[in-house]
Amino acid sequence: MKAMDEYIEEALAMGHIRPSTSPAAAGFFFVGKKDGGLRPCIDYRGLNAITVRYPYPLPLVPAALEQLRGAKFLTKLDLRSAYNLIRILKGDEWMTAFHTTRGHYEYLVMPFGLTNVPAVFQSFINEVFQDIFDKFVIVYIDKILVYSTSFEEHVCHVRTVLTHLRQNHQPS
Numbered sequence: 001m002k003a004m005d006e007y008i009e010e011a012l013a014m015g016h017i018r019p020s021t022s023p024a025a026a027g028f029f030f031v032g033k034k035d036g037g038l039r040p041c042i043d044y045r046g047l048n049a050i051t052v053r054y055p056y057p058l059p060l061v062p063a064a065l066e067q068l069r070g071a072k073f074l075t076k077l078d079l080r081s082a083y084n085l086i087r088i089l090k091g092d093e094w095m096t097a098f099h100t101t102r103g104h105y106e107y108l109v110m111p112f113g114l115t116n117v118p119a120v121f122q123s124f125i126n127e128v129f130q131d132i133f134d135k136f137v138i139v140y141i142d143k144i145l146v147y148s149t150s151f152e153e154h155v156c157h158v159r160t161v162l163t164h165l166r167q168n169h170q171p172s
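Quick note, the sequence shown lines up with residues 1 to 172 if you use full-length UniProt numbering.
Just so you know, the hints here were simulated from the structure itself, not pulled from any lab data. A hint or two may mislead.
Mimicking DSS-like on lysine-lysine, the simulated pairs with C-alpha atoms at most 30 Å apart in a straight line are [stated by the list, open to error]:
hint, residue 1, residue 2
1, K72, K135
2, K72, K33
3, K2, K72
4, K2, K34
5, K135, K34
6, K135, K90
7, K76, K135
8, K90, K34
9, K76, K143
10, K2, K33
11, K33, K135
Simulated restraints, written as ranges between beta carbons of each label pair [as the list claims (entries may be wrong)]:
hint, residue 1, residue 2, range
12, D78, A13, 34 to 42 Å
13, G91, F29, 23 to 31 Å
14, G27, E153, 48 to 56 Å
15, D78, I132, 38 to 46 Å
Every residue, glycine too, gets a C-beta built ideally from N, C-alpha and C.
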């Protein structure tokens, strides 16, 4: 119960969820993580089964690896709660509703578990980095790899990537 209370309080405070009156509700539970912590999970199988798929392609790993040829410096960034950068389309929030012992809530930002979230996020992140793709950054969903041939260049590249991320940090 403590984990549930903490998750709900934090998500409400961050503006990721709100109380809901939706006629729909998915189940909410926690699963154990490798580090001993708990990961919140929502059972969106019913919603995913009727969702029209967003056909945005995910990058091909072999093609991305080819870009690294000649790189001497690499920085890997892993975006935490990356999907929460994207707001659910206004009017569609009710479909993300979930029920807990604390009440009925719905997401205002994209939660983990919806079938189209990886493709939608890849589309978003590609837009964020459109001017530097294929130059010194590879992005696969929430994993970012910055690559360079010199240290000085690498510092500049990492700063550029971080600036792009900072400028696109708020849910739209």
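Which numbered hints are broken by the structure, listed smallest first? 2, 3, 5, 6, 8, 11, 12 and 15
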